[in-house]
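S.K.: What follows is the residue order along each chain.
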Amino acid sequence: MNRQTKKQTALPIWLSALLPILALAGMLAFFLLGNPLAPFRADLPPIELLNFGRVRVVDEGFKLSVVNEGPDPIRISQVLVDEAYWEFDSDPRVLQRYDNAEITIYYPWVRGEPHEIRLITETGLTFDTEVELAIPTPVPGMREFLAYGLLGIYVGIIPVGLGMLWFPALRRIDRKWLDAVLALTIGLLVFLFVDTFLEGLEVAESLPGFFQGVPLVIFAALTTWLVLMAVRSSGEKEDHAGDDALGLARLIALSIGLHNLGEGLAIGAAFALGEAALGSFLVIGFTLHNITEGIGIAAPLLPRIRPEDDEDRKVSTRLPTFIWLILLAGAPAILGAWIGGFLYSPLLSTLFLGIGVGAIWQVIVEVTGLLQRNAASAHRTVFSWLNVGGFTMGLMIMYLTAFLVSF
Amino acid sequence: MSSDHDRKGFFGRRGFLKAGLLTSGLVAPLVGAIKTMEGSAGSGPDPEPREQGQPGHGGFGAVGQVDHEFNGFDPHEMLYDWDYGEVSTLPNGQTLREYKFTAVDKDIEVAPGVIFPSWAYNGRVPGPSIRCVEGDRIRIEFTNASRHPHTIHFHGIHHASMDGVPGVGAGNIHTGETTIYEFDAEPFGCHLYHCHSNPLKRHIHKGLYGAFIVDPDPEKYSGREREIAKTRNHNFPENEPWNEMMMVMNAFDTNFDGENEIYAVNTVAFAYNNPPIPIKADNPQRLYLINTTEFDPINSLHTHANFFDYYDHGTSFEPTFKTIDTVMQCQAQRGILEFSFKDHEPGLYMFHAHQSEFVELGWMAFFEVQE
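Here the protein sequences line up with chains A and B, keeping their order. Residue numbering for the first sequence follows numbering that gives the first Met the number 0, starting at 0 and increasing by one per position. Residue numbering for the second sequence follows numbering that gives the first Met the number 0, starting at 0 and increasing by one per position.
No lab work stands behind these hints, which were simulated from the structure alone. Hints are supplied without guarantee of correctness; some may be wrong.
[As the list claims (entries may be wrong)] Examples of chain B residues toward chain A, derived with CB under 7 Å:
(1) A61
(2) V62
(3) V113
(4) F115
(5) E356
This structure is a prediction, so every number in the text was calculated from the model and none was measured. By construction, the Cβ of each residue, glycine as well, lies at the ideal position given by its N, Cα and C atoms.
Only chain B is shown next, with the shape it has when bound in the complex (with noise of 0.2 Å):
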């Protein structure tokens, strides 16, 4: 203030315009304001309160597409490959089966962009599906490349040092080291591994866990269970009509709070959405299911306008349930679902879990019966 003929009071006309500047950031935002209103004139009022949101385009689900390449799998692949290991036989004629597994930590995509620092048998989640046949000698050399210990605990039948478990056998395999696994597959079904290391939580819903198939010998069987052996069992012709799925339902806690943001089978969120999983009408279907989800105490399978045969656990030939179409498991509960499209039209039939919370995490896919 330097002006001489300013002195009409401590507040007078220019002290007052001065002070005014300060305020003068009220006006710009009246301006804009304005403009903003004559921009949308022509719009109108709107006569009718909306009761809801009336998306134009789009909706529910997840935006753009996951990078399999980047996985370096496909969930869709992963239905079929069936992982028979290096066969041969030993002296005593009983047939081996030898695996190579290693664990990796590894960076996969989970939903379409977002990235799941994940731990993982040789790189992918779920782990190789292992198929084989009851009584098979299974051997197992894993290696541990990841910066935590590991451990492949196997649902199956075989000896405390084989378990896989900390503190028992080989125990916990520190980063670099090796062990061999060693067992005879039993019993026949539809069986799971996973990690065991602590903490139990963090080492199973990173990605730590895979199918464990273990198909009826028939040869031990007799009458019409022999029968509906060899469906089940890879070796039989009676096994090439059925068209066998492996899914894994698991989910990830992508912000590390207990909760999962995704849920998934095979991993990939609404990985049979688009494209669907092709089905032919023809084949009968079976579903080899299991679910590894962590921090929710059950998982469940929903078939739409169809409905399955299920077989717990897969260890025998009488289905546990006939008839249903929604099953629950906890987690490590697995089974087999057995279902037809026969007589179906062609078209999109919906699977998903009968959590709907899961269903819109992720957890939802399509058959597309196709002549």
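Okay, chain A solo, but in the shape it has when bound (with noise of 0.2 Å):
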């Protein structure tokens, strides 16, 4: 004690912790004031850097949406389409950094076909985009809005819920083939995962540079991650059999939902784009793509699942829950729908993705936890011939029924 009340005298603690600071200002003011960096900088061009947002297809002709993701201000001088000069507007015309603008091009498009615009700025630079087919952007009005929410459900709720009616057939089996039923969910979410993750890495590619788009999906991933453990961790101190069954079948539900709604945001991106042109097939393609995703959320529900089940543990599979279950799955799609078609949003569809992912993880170590327990107490191998071809055949129904909706 007497050597600390020695040291107080030399520095208080606010000082010290102020000292950083105060040097760190220090700096900057010398940086700014003093331009140290001189000799770098000559008289260089400056750096201009510029990220398309959303291109849309309105009566006029087009607006997009730009950001300066560049240190220096963007003017934008001129715009061409398809290799002509065109008369725009821009709001604001100068884009300082981080600025985004909203710009308009009055051009007669041709319907269904592409056409190329080309922004050039003060120093001359180009950058380009592309309106693939030229069909108008959906405006949301009533009806697009339920014609997008429709196909939210066509490809969300209906496949969870056909999924699902395979719950009395499969509380039915003997009990060695429920360790193959679970096998197969993680061979499903191990698919999801993989498909998230790239998902989110593609929209992560078309964020503006500042916004660091790939590692904004794996820290959004980890986060979510962590936060569904501490809540897990949180409620193991009492285990209620019942709910714990419940709340696994939720959390999966809940990881499905939100991987479906990445699904829902490229469908509803991808019908704005006027890319559906498969139209009823990618959604049959979808159903049936997401049809194993029902399994996997009842499989907690089945009796006798885990090892510390007896026969009569009271587990909710009443209607209600199964409903709750599907739309905690399923209804997210339409929600990404609306998102995707109305409003898309790089930002926004990143950091869902991420989160997907991290959900997704987490229900993989649980079911798999679970799996384990299961061949622990029975005194076998999690990796027996059943169990690894129930994960393979989930991992295949999910990777072949995608080939009928990979575009």
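Dock chain one against chain two, each of which comes alone in its own frame, and use the hints as you go.
M.R.: In structure tokens form, the structure reads like this:
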């Protein structure tokens, strides 16, 4: 204690805490006022980087949003469409760093044909984007809102609901097959994990550079997983068997829901961009693709699925429970279709997909843990042919049905 | 998670709600979508699918105006600003025309708001329009104030030492150096000069070129040819009624990808669209047309509602093509166009390259025929 009091007279703690900040301020002042990097800059032209957001096709032409992701201001001087100068408005005309602008180009586009758009800045640099297929971008009216909502129902809610219709059959199968059902669920989840992660990376690439899209996906996933772990740990102290099973089903439904949100985004955006020529084929494809998800969600609710389950455990398998689970897993597809169709936002999409990745990972951990406990209690290996077969089957069903919806 | 009564399984109601916070971000965009929907509800769905965009206003063309004062030259003035040089007579009676050329690095506005880092003779693109008479002694004192070596290479008849190419005669003129190019103006016609330093593509497309017009000397011809020569020679009254214009077809690759973003006549895209070139219907028209376009093999000129006689290189008194309305030129090809609007109604008469791509990238213009 004596030595400590002696030290305190040397420097008060608030001052020593402030010291680095003061030093930093001095450094900043030196750089801002002194320009010590002058020898590096000479009179180089400014660095211009422009990121394209969504390009919308409207009656009077095109509307595009751009973000200045470079360090210097950018002036939009001219706009070319298909190698011709066209009149346009840009609000604002000069973009400071991080600014975004809405550019309206007055152009007589041709339905169903592609158009190239090129922006020329003050320095003569050009930035290109394209309208892959000129059809009017849907405006959120009541009819469109319902149509896109229906789309989400087709690819989200209906397949999950159909998958759950297997529940009565599954609950009567022999116990040794139950582990295979769990393994199948894991296979399904691993596919969704990879799929969601890659989808997230793809959307992240389209973000302005300063958002650091790829790390954003990873950090969103990591944070989600940690939060779910914390939720899990805090609930572990007292275990009610029934709630636990339902909780796991909910967790699976939620994570699949986040994945389906990503699917909804992709489908909504595709329909809005006019890529939906596949139409009903695409919707049927997604129905087949997502039907397995229903089995995965219902699996924890099967009787005797866990080693600690006795014959008469109380798990709610009433209809409202299932409807709630179906909505949790399927309804995000509706939301995704709306967001994708009407206000496509790469930033939100990146975040959601990252969250989905984390949630799916957590479910994989949970279900794998359950499978391990089952195996341990029965003194069997997790890697039985039955389990490996079930896992592979889950992967293959998802992989093969994805042929129908990959575009 | 500190609450004691939160123990309904690891994913009990409270925990579930907390996790739900993660997804609460989902709700905000939905609310936004509904608001947007309400905002546009009045417009209703579109009954007919649109086959094309329907621009309410505006349309084709560049937006804004080029600041000619910033550039220090105006394409409209360039049409007519012949540079006759400092004129004197040599002891042998020959006319001497002395010019001072300086190559500089200069930013110029080639389309509204688009700045091109040009290299320019005397700060303008194209450079000064030299106008002289065949047999005149031309003396050009060339100073290089640019950061790169340059030359001036004349399309005319001269000795090797005066050819203005690297490695011959004075060769490359380096920064701060001066040289003199001297030769007799031969043959008469519509010619050009340009920098011949390497890399040639860049030195030309950066803007180092200009018109070199040699009028025929009527004394050297007789009969009909003499009469024609008088109309072409700026020293003769027969030349006065002619409205003589100088146009260099050029282009700019503003992002340096080997393709032009901007095509123009006398540098500025759409310069003669607004305002158009005023034409008095009674005057015969003579156009000195030069192609310096880089990267594209040819350029062309097409007149609307009118035909012209074309004298390739301007080196003959008989037209190379009679009564045509479109002529094409490779790079450095040039010629004289003669035409008349005498019997035309007043109004706007378009002329442009007949490569549609060039038209829409800036090489489009109007004559406005006036009473």
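S.K.: Report the numbers of all earlier hints that the structure fails to satisfy, in ascending order.
M.R.: The structure conflicts with no hint, since it agrees with every one listed earlier.
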